[in-house]
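Chains as they are written, first to last, in the working numbering: chain A, 53 to 249; chain B, 670 to 876.
Source of the hints: derived by calculation from the structure; they are not laboratory data. Do not rely on the hints blindly, as some may be mistaken.
Said to hold, decoys possible - For each label pair, taking beta carbons as the anchor points, the in silico distance ranges come out as:
#1 B:822 to A:225: 53 to 61 angstroms
#2 A:212 to B:670: 50 to 58 angstroms
#3 A:212 to B:826: 57 to 65 angstroms
Said to hold, decoys possible - Going by beta-carbon spacing under 8 angstroms, a handful of chain B positions derived as facing chain A:
#4 681
#5 693
#6 697
#7 703
#8 706
#9 707
#10 712
#11 713
#12 714
#13 749
#14 750
Being a predicted model, the structure only gives us computed values, none of them experimental. Glycine included, C-beta positions come from ideal geometry on N, C-alpha and C.
These are the residues of each chain, in order.
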Amino acid sequence: MDFIPGGELSRRIREGDVSAESELIRQFEPGLRVLLRRRTGGDHGLLQDLVQETLLVVIQRLRGVGIDDPQKLAAFAAQTARNLAIASLRKAERQKTDVDSEATERKPDSSRGVESQVGDHEAALAVRALLRELPQARDRLMLKRFYLEDHDKEQICQEMQLTEAAFNQALSRARRRFRQILEERGFAKRDLLNLGL
Amino acid sequence: MNQQQLIEQYVAGTLAEAEAEAFEVSCLEDVELARQVEFEQRLKAGFEQVARGSTAEFVRSESTLSWRLAAAASVVLFLCAAVYLWQRLPGAHPQVLAALTSTMEQDGPSLRLALVRGAESAPRLPAGEVRVEIVGLFDPGSDYSVMLDRLRQREAANIATLHGQHPTSPVTLEIMVDSDQLAPGTYSLRVIKQASDEEALDFIFEK
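With the hints as extra help, turn the sequences into a complete structure.
Here's what the structure looks like:
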């Protein structure tokens, strides 16, 4: 489907066009998930809530008073999502001040949604399968440094005496295989996104 | 900086805040870009989840793999050596030449080879598993070797050899020849008494 500019979406929603609201959700939901995933620390339940809340706020705003610059609808939605994420974080911080001695002894992951745990579990299984398939210890170490330790490419290449081309090739292979493994496990591209996988 | 580098830096959290925010707006304006970024985020999350358990999977020694490769190489080497030796061992073609092992084989096709003075033509080997009855004077207490050669313009190429054969009677030694394994041509069957200087019995036949 084609991308509909923010100005047009804003106008149509203001005029009561329900299909424009559906279009706004289709266009913005993937990007909002990216943005909010970064701010929700892997809490899939919270991520989903915030995506829904952001879309609701944006649509209600467009149905009502509208926004100052409709051409910048994406920037408005992004800022709304950030504000909601910050508010959610503050709320969580406030709740932490009411110490529940029993709750503090619980495992940190216990508050996370089942979907989140399932999603992470599937991704972890795929990564495990990927790691098992990698014959070279060097490649596993390279992925560890890149994805876990967030070392930049240059540093990794220098330390491991790799050319950038070799690094990119190995990374590209790993990504391709990760996608294949997930798909082989029954997660199509759309499912991966819908489940946040 | 290309798009993939931007994605990697965003996911790694190394983009400056202003750049990251601009990149997020781009994701809202480009569904496909957002999907690529989310895929990378999932991959990173998968690694983090695995690492929560143990990092052993990342630093797994190659020794196991090396050991397996070495074992596989040894097996292949052993098989190659076995095949090489098998092909060169005398009497290693039982499918062509075999000892008579059952009375059932008495009922199949047969060929009688005997030294006949003045014979004008060589006997012809019938098709199938043929019982070849070699007529001569044999020592029942001795072992005999039977060699099958193909004759081509005065040259003899060994096809198969059978050792340790015992005569079925003082005048008969029987073996099985798989005629179907032999190409049409002239063949020689030589019978030699093992550990002896006795002259070989040499029979010619056609296939």
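Hint numbers not upheld by this structure, sorted from lowest to highest: 2, 13 and 14
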